[in-house]
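A.B. asks: Top line first, the protein sequences correspond to chains A and B. Take the first sequence: its letter number 609 is residue 609 in the UniProt record's numbering, and every next letter is one higher. Take the second sequence: its letter number 274 is residue 274 in the UniProt record's numbering, and every next letter is one higher.
Misleading hints may appear alongside valid ones.
[As the list claims (entries may be wrong)] The calculated DMTMM-like cross-link candidates involving lysine to aspartate or glutamate, where the alpha carbons are at most 25 Å apart (straight line), are:
| id | chain 1 | residue 1 | chain 2 | residue 2 |
| --- | --- | --- | --- | --- |
| 1 | B | Lys401 | A | Glu310 |
| 2 | B | Lys401 | A | Asp579 |
| 3 | A | Lys349 | A | Glu422 |
| 4 | A | Lys623 | A | Asp378 |
| 5 | A | Lys938 | B | Asp246 |
| 6 | A | Lys824 | B | Asp232 |
| 7 | A | Lys623 | A | Glu115 |
Treat the hints as calculated values from the structure; they're not laboratory data.
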Amino acid sequence: MPLATRLPATAFLIFAATVAVADEPAAIEFNEVLFNDQVRPIFVEHCLACHGGVKEAGGISFVTREKALAEGDSGMPVIEPGDHEASYLYDRVADPDDDFRMPPAEHGRRLNEQELATLRSWINQGANWEDPWAFRNPQRRPAPASPAANEWSQSAIDPYVFARLEAEGLTPATEADRAQWLRRVTFDLIGLPPTESERTLFETDHAAGAYERVVDRLLASPHFGERWASVWLDLARYADTMGFERDPPRDIWPWRDWVVRAFNADLPYDEFLLKQMAGDLVENATIEDRLATALHRNSQTNTEGGTDDEEFRWAAIVDRVDSTWQGVLGMTMGCARCHDHPYDPLWQKDYYRFAGLFNTTQDADLAEDWPKVAVPDDPALLSEAAAIDAGLSDVRQQIFRRGQEAAGPVERWQPLMIETAESTGETRLDIRTAENGPEVAAIGTVTDRSTYTLTAAAPAGPIAALRIDASPLDPDTAIATPEYGFVLSNFRVYLERSPQATSSDEEPQEVELMLVEVLADETEGFFRPIDSLRDNSAGWGPYTRMRRPRWAAFVFESPVELREGERLRLQLKHEMATDGQGPLVMQRLRVSTTSEDAIGQLASDRALRDLREREGALMARRKAIASTATPVLVKQPVSLRRKTYRLDRGSWLSPEEEVDPGTPTTLPGAASDRLELGRWLSADDNPLTARVMVNRVWAEVFGAGLVETLADFGSTGAEPSHPALLDDLAARFRGEMGWSLKRLLRELVLSATYRQDARVSADLVKRDPTNRLLARGPRGRLRAEMVRDQALVVSGKLNPRLGGPPVMPFQPEGVWKTVYNNQKWETAEGAARFRRALYTYWKRTAAYPSMMAFDAPSRDQCTALRPTTNTPLQALVTLNDPAFVELAEALADRMLARTEETPRDRIAWAAKEATGRPLPEAGIDELVALNEEMIADKSIDEGFAMTVVANVILNLDAALTK
Amino acid sequence: MNLRQELQHRTTQHVTRRHFLAGGMAGLGALWLGGKNASASSGRIVIDPSQPWAPRLPHYAAKAKRVIFLHMAGAPSQFELFEHKPELARLNGQKCPAELMAGERFAFLRGEPLLLGPQYPFSPAGESGLWVSDRLPEFRKSVDRVTFVHTMTTDQFNHAPAQLLVHTGLARQGGASMGSWVTYGLGSENQNLPGFVVLLSGGKAPDVGQAGWGSGYLPSVYQGVQCRSHGDPVLFLSNPEGVSQDLRRRTIEAINRVNQTTHAEWGDPETITRIAQYEMACRMQLEASDAMSLGDESPTTLEAYGAAPGAESFANNCLLARRLAERGVRFVQLFDWGWDMHGTSEEGSIDRGLTKKAREIDRPMHALLSDLEDRGMLEDTLVIWAGEFGRTPMRENRGGKEMAFLGRDHHAKAFTIWLAGGGVKRGHSHGETDPIGFGPVTQPVEVRDLHATILHLLGFDHEKLVYPLQGLDQKLTSVEKARVVEDLIA
């Protein structure tokens, strides 16, 4: 039902119920009470705070029908369908005694007669329930038709808007003049003002299809992607730094460029989401596909000393869940982190099941921001680099499998009877008897970078390899709440000859037994286990956290014959440390040996040697391709995959039961991993994604969403102003438009609704201050980025280069003073000063001040809606910020270069450049008078006066507004 | 009323109510009031978007009209300043009892750390006889003006999250800072200065960065405005070279006259708001420059604070705080960086570095309190001194080994802050910790309790100073139950 008829209809039902109170309740029961329109609002306003997802006071909840119909603690049916008198709910809300009625007096007012009548009718009619409106799949809706509507309409959205206006007794505004529409559409599509030649071309194009030609030109512009990327980057919390205290730099701009390219290529929104959620998991993933997953690496990494990586890894998962729900699904899922959602059928378990989809990537709040993909700086090398990466991955898989087969079975190993164990630093080592041989344990204060020395009597017979098994202190709890891990940076084995064996004087007392191969339990970790044979800090081990016992086998160059009385001395160096609580040293370990040929042969095995050689060659080739390493999502190997638990009250230190990854049970469809999640988001039966996106695009173009709360389509959010329009547009966006943003925008900006004049009467402002009814064209202040970009265009300084590393335009000294971070703002010289605002270096703890003044968010977290404020500090930016003054000077130069013209003509020209239309004569008179006054003052020259006038022009309301 | 009239009436009511609740006000749209449940609580702040800083009345009459918050970023050691623990001195060098350590998390401490006695002598000060260490000889003279809280407790032991908690009530980003809440609730008494000003000293921004004075979900006009000692006191306050203030006034006049014609043509109320903002900007240029200049302070005053015009120092910032408070700025937030004394360097040690930092704040703190009192402003100005957490009674053993200098690790369980003026008791001490100062034994005060108390002193019920957002009434005190600490209030 179109909204035009929906509103009065709703009112009628309420009215009917009201009449019924006065007369006879039974008389109105043929009027069906609509649950979502009439009953749910009563529950939300009066009941759910205590009888909802957070609290189920008295065992009563009104979140779902099933819960509402259950017996509460009282044992009485809360709702008896068909019989309000037998319903405890009705009994309590209608109780005349203020001491007994619900809601209790201290929580709110008594339900009024109308609300009581609604509940009564609803119960008597069977207490039918409906899913929340946003959970119902949007379908095509027939457009309301009338001759007047048909005459006015220019696109499919218009009849809905017209019908609502008609119902409100309003008529659409007249069509905007061409200049007004051109400025509006140019900013909306490419974020820049129309140039003089673009304005002239359009003004003089009287052939049919002139508007369409403008729109098609703008949609094809490479600046389209920049404009729409800036919207997406707010949701993605994109920044050029990692955040928190030290806020170090992060090279994630290649992903920003991916977004720009995706918008320019009109990558369908379903694929756009799929690639960003799981580009690494799609078949034959390219480097670009893997790069797309950096969306969720825009979460913050906390590198402050003494922070717990696991705590902030979990914070990043929470951020990914919340950003996905706010930005893509438009529901306040964040509520369910600590408890069931208070108002909507989303359960705490759903939250953790959803988190489980993100909880199995390798990133772990590491200071290095690993894992990363090396994105070739030269796009021509993308496929070569991808082929090398695939080759490397294949080689490493093969090496891993060889190791698993040969060294994995524990029965091939015999415990080494360790007799002494010593450590450097304050670390004390204890030798304990365990069921499978002696175990070395670190106790007391454990010092970073401890080196262990273990000795044992040599086992009888030859040994081909050693194996180290390291365990968490408590494997039972570590699986859910991991312990600090370790990195074995260097492992050496020495043989102490027995005195009688050293018959020759030349033979040394102690020899090193050379290790040549390391095979471990991890395929592709952050380090290569074989690095534990080299003199660097890299090596084998869980970095920085450990959930499970781990093992690695170290193979000798050739099997070693040991003689009675000889001793083995093992030296284990740990060279990695975190800046914080836990040491990265093994705290429980066992050593075993083997004489099995199957393992010993690995040292000389031709196939394995070939693999190692290929690995080295591929690594060298890849290194030769100049690249930018960008953080991305990479899945964990199955054997090391984290489990996900429901967390009591959201605390990562309080894991409860394990949950299976998945999507909320209330919503249709299912997903058990990120790839399925990517598909689930845009599945045919997903009711949210398309609605939320068309609503966001609508808000960008019309100034406010059809649902004003862009990130809250739930029971507490705003209701749609035009529900049928929203549903129809959403259904068509994912249907006939094929999720194409450009098709969607084309329809919106060519609509009669959008083409309306923005001029408004005082009456209409009063009646509809925020233009929800759309009885006029949209008018609003430029976004922060547009304020700068317009000044760049009008001054003639814009450097139109697309993409690349962030740039540093002018910023006052002293804005960056971040602790423990020596990064400096180095103001760009030359054309790099004049890049679009999108490319300005964005530091989370000290963001670019002039953009912040114009409401750009800090990008600490997903921002679904930028407020638009109007403050004196904004005036100071555009009046005095040297970055703007410099552009005013350049505009003045352009004015002065028009040597044929009078000062008045130049001023009129510049004002038209900045506002897209001729300034009324009275306005020009003001500017000319200002100019003349200044010139009359002998101390001011013509150029300076013109700069002042240019500065004034860039500060006009008409210039700051689209 | 016939059926048709009734229908129309109800439709209109529905529309009107929705517009009101959705923020049916020019320009700021839904942001001001949030979702449709906005009417749930009384005590709601109603704001005219064209005058967001206009003074507003709190829920009830209150003593405190403004706040000066002195944040010692990095978290100073209570054991060397205000927390007198003779027993800790006696136990110096002994292992910390394992049962105290069990289940506690620390930033750097590990294994079996040793207790570290206080490094400086304490003695009773003032008539109240409250104990203060010898590092603060001047401040000792102000001790009868303050209330100490020895049992502040937090659950964050890393700087950035702990500072976020102190300033926004949430340990993660996204919350609105205390200064934003207070200016949102009360507006400001001076429309020509930002209502919420931030001043930094110590050479670095606090660990939390600008999120510590961000407006979070509140409209961004309520975010703190950082004022500076070098360059423009407020960013972009000064005119471009060659533009005199007369010329600036003339250009703003020209802008506003043209904007009047724009408004006449387009009818957009935002244009009128913009005209007002440009006028305010012009006045701010004069008034902020004046407020931020120490040139007219007497040598006696400069001497009392230890202030030197042009320098960036805590002393200057204390004096500036008084000047701003005097001019009606609602909330002045100082951050003094350099208190994170782990013992990793001489500067960052409690035996050497702390003496230097204590000297930097000693005189200014005392001068600020006496100056406010002399001017009759202390009674309605709430001054708060705090870090983001405390420091351990144990010596830090970072990396599992003895460190070069004496230092203490971050300690969430107990720390000391003080409050003065604005209706707070004088010469009072609240709460006691155990003999080694590991944790509170009486009257623990959570950060949210401190927030509730500050809001109470300013005339707000912390449960009712709310901003509806995504189905939840957001509060400075967040979701867990907070209480006003009555014992602090005179």
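A.B. asks: Which of the listed hints are not met by the structure?
C.D. replies: 3 and 7
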